[in-house]
Structure formats: structure tokens, C-alpha cells
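Kindly produce the complete structure, drawing on both the sequences and the hints.
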Amino acid sequence: MTTAVGACVFSADSSLAFRRDMTPSSSGNAKRNPMSKRLAVPTATATTGKIETTSKTMRSFVEKNSSELEADTKQRIKLEKYSSESEEQEGNSRKWLKDYFDEAKDMIKSDGGPPRWFSPLECGSHNRNSRSPLLLFLPGIDGVGLGLIRQHQRLGEIFDVWCLHIPVTDRTSFTGLLKLIERTIRSENCRSSNRPVYLVGESLGACLALAVAARNPDMDLVLILANPATSFRKSLLQTIMPIPAELMSGQMTLTLSYLLSLMTGDPLKMAMDSIVKGLFLQSTIQERSQDFVAMSSYLPVLANILPKETLLWKLELLKSASAYANARLDAVKAQTLILCSGRDQLLPSEEEGDRLCRALPNCQTRRFGGGGHFLFLVG
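Residues 1 to 379, numbered by UniProt numbering, are exactly what the sequence shown covers, in order.
Keep in mind that the hints were calculated from the coordinates and are not lab data. Beta carbons: idealized from backbone N, C-alpha and C, even for Gly. Hints are not guaranteed to be accurate.
Said to hold, decoys possible - With a Cα cut of at most 25 Å, we get these calculated DSS-like pairs of lysine-lysine:
(1) Lys98 <-> Lys109
(2) Lys98 <-> Lys308
(3) Lys234 <-> Lys308
(4) Lys98 <-> Lys314
Claimed, not checked - Distance windows between CB atoms, simulated:
(5) Gly112 <-> Glu182: 20 to 28 Å
(6) Pro361 <-> Ser110: 41 to 49 Å
(7) Arg358 <-> Ala323: 13 to 21 Å
(8) Glu182 <-> Pro307: 26 to 34 Å
(9) Asp354 <-> Ala303: 33 to 41 Å
So, in C-alpha cells, the structure goes:
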């Protein structure tokens, strides 16, 4: 797998590169947020499925001028060396959904306080003079911030990765979250003005990323949006919203089971699909089977991540986030890559990707035919 500084890779069987129009010369003394929480979060790979690309930009994200080609060649040599060394390590340390829930369970044990950033240990130990682009991960409805757990190590080779954690009991409004992200970006720009910022948003986080870009057209931002919740008005989740919290208790198990199925998919079916396609690996079957066996233990953790009051709050947050972002799409000037799942059972993501690509002036889409709603978590 190869890419260059200034690229973002979310890959499994295929590599997906997203490149800014220009490769800036970054410098400065960038410090980590003092509130950052260091976590041990191992990595694996991302989504699978048929990938299709559409774009209406005049210049492709992968086109390069001569200086970019020279820089790309040097970085390719570095990353090819890294890739060959890391593949064996990944084979021994590949993580699946069980690891997401294990890490999430630890994070919410003493959860409280306001939303905050953490930097996963597996993303690498950047020094204080890091020239790496800043990647801010904005989570979906779960709010945990571990959505990129399967890519942490690889992303850490290219980016300085910060993940937003929204505690279970936190009730910060959409505009409150928006201002937190803006303050963080401005603070980092003051420390290193030439360092580009990548906003990777999933579902709710994608709405946050769009809103930040709309409000700050002069910021050096690149948006990478997975199944944006801008289509929330067409979502099945809207059917839950009219149910009062006091009447929801009897339906919570069903609701959480549905959300869990969106996160886990069907591990054994995916393994069998791999056999049919001639992609059989014994390790894959074993890992998928382990996920299947462990699924029953995920439900209590998900119930702690999204108790009924929090779930209803997150749905209201999604509603306001979608309305806010949609009302300001014409102000978004940042380069944007939209990742669309072909099997998203929660949102009409493929249709929404096409709509956003038409609405945004500098946008590409990538379609993952076999991906579900939680595109980064489910392989």
C-alpha cells in the first residue's frame, strides 16, 4: 500500500488515496492538546467491497505536479518499506469489533466531564516538532471516538491523529461541539500555521465537519466524510424519535440489537462470502467466528454507551446537525471526499453521496458496495 504525506488511506483489499490539490511545506512547533488521553488501541484494516469513484472536480485528487511527484517518490519508498514491515505485524495483531467494545468499555467506566480529544498510542509518538498533517476524527452516534481503531497504526505513520470523545452523560449541543472543534483548529493553526487539517467525520461527525468548513472557508481543511447524516430526514432512526423515554424501555433491547447488527454485520456470512469469492484465509474464518461468538457480549456494552436518554439525545443531535449542515452546503469550499456504503441500512448513503457531490464544488465520492453504516469498523 502506498501513498504520500497529505494523503489519507482507509484500505482493506484495495487502497484508497485522497490527495489535496497542493502538498504544503509544513513546519512549526505543534504541541499536543494537554487534555489528550493516551490510549492503547491496536489496529487492523478497514472496509471491503466494490469501490467506485465519481468526481466533478477539474483536477483529480491524485494528479501531481513535478514537485509533488518528487515528494511522492520519496514518501512512497518510505511507506513501501513500512508497509512490508507492518503487514506481518498486522497479521499477528489484527483487531475486530471485540477490541472496539473492549476499549469503549474501559473508556466509559469513569466517563464524565465535557467532550475532549485523545490521541491513540498506536498512532505513533510524534515529537514536538512534528510536521505531520493534523487529522481530527469526529465520531458518529456512539460518540466514543474509536471509529478508526482499525486504522490507527497506519494513519499514525502519516498523520498526527486526534479523536473526539463525547462522554455518555454529556449534553453539549451541536453548536457547542462545533465551537470546540473550531477552537482546536485555530489553536493548532497558531502553533503551526502551515499544517493542513483533515477532518474525518462519520455520520454525525460528517455533519460537524461540513459545518466547520462552511463557517471557516479560509481554513486549510480537507474533509473525509463517511456516510454523512445529512440525509437524516430519510433515516429509519426518525421512527424512534417520537417515542418518549418513559415508553422506550421495552423497546430498547430491540433498538440496540438493531444498532448492533449495523455495527457487526454478519461475521460468518462475510467469511462465507470470502470463500465463495476465492478469498479464503483460515485466519479470517477464525476471526469472524470469534466476532460471531462474542456478539452476545456486545449488547450490554452498547447499552452502556447508548442508554435510552443518551440515544434520544443523540437522535435530536443528529436532527439538528443535519439541518444545520444542509442549510450551509453552498458555503463549503474545502476539498471533500465522501465515502458511501452500498449496504447502509441506516441512511441512504449512496443517494446522499451523489447529492452532496452535486452540491459541493470540490468533491469526490468513493462507493463501497459491500460496506455497512459503520464503514470504518466492519471489514
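Structure-based check of each hint:
1. Lys98 <-> Lys109: 17 Å, holds
2. Lys98 <-> Lys308: 23 Å, holds
3. Lys234 <-> Lys308: 22 Å, holds
4. Lys98 <-> Lys314: 23 Å, holds
5. Gly112 <-> Glu182: 20 to 28 Å: With a Cβ separation near 24 Å, Gly112 and Glu182 satisfy 20 to 28 Å, so the hint holds.
6. Pro361 <-> Ser110: 41 to 49 Å: 45 Å, holds
7. Arg358 <-> Ala323: 13 to 21 Å: 19 Å, holds
8. Glu182 <-> Pro307: 26 to 34 Å: 29 Å, holds
9. Asp354 <-> Ala303: 33 to 41 Å: 35 Å, holds
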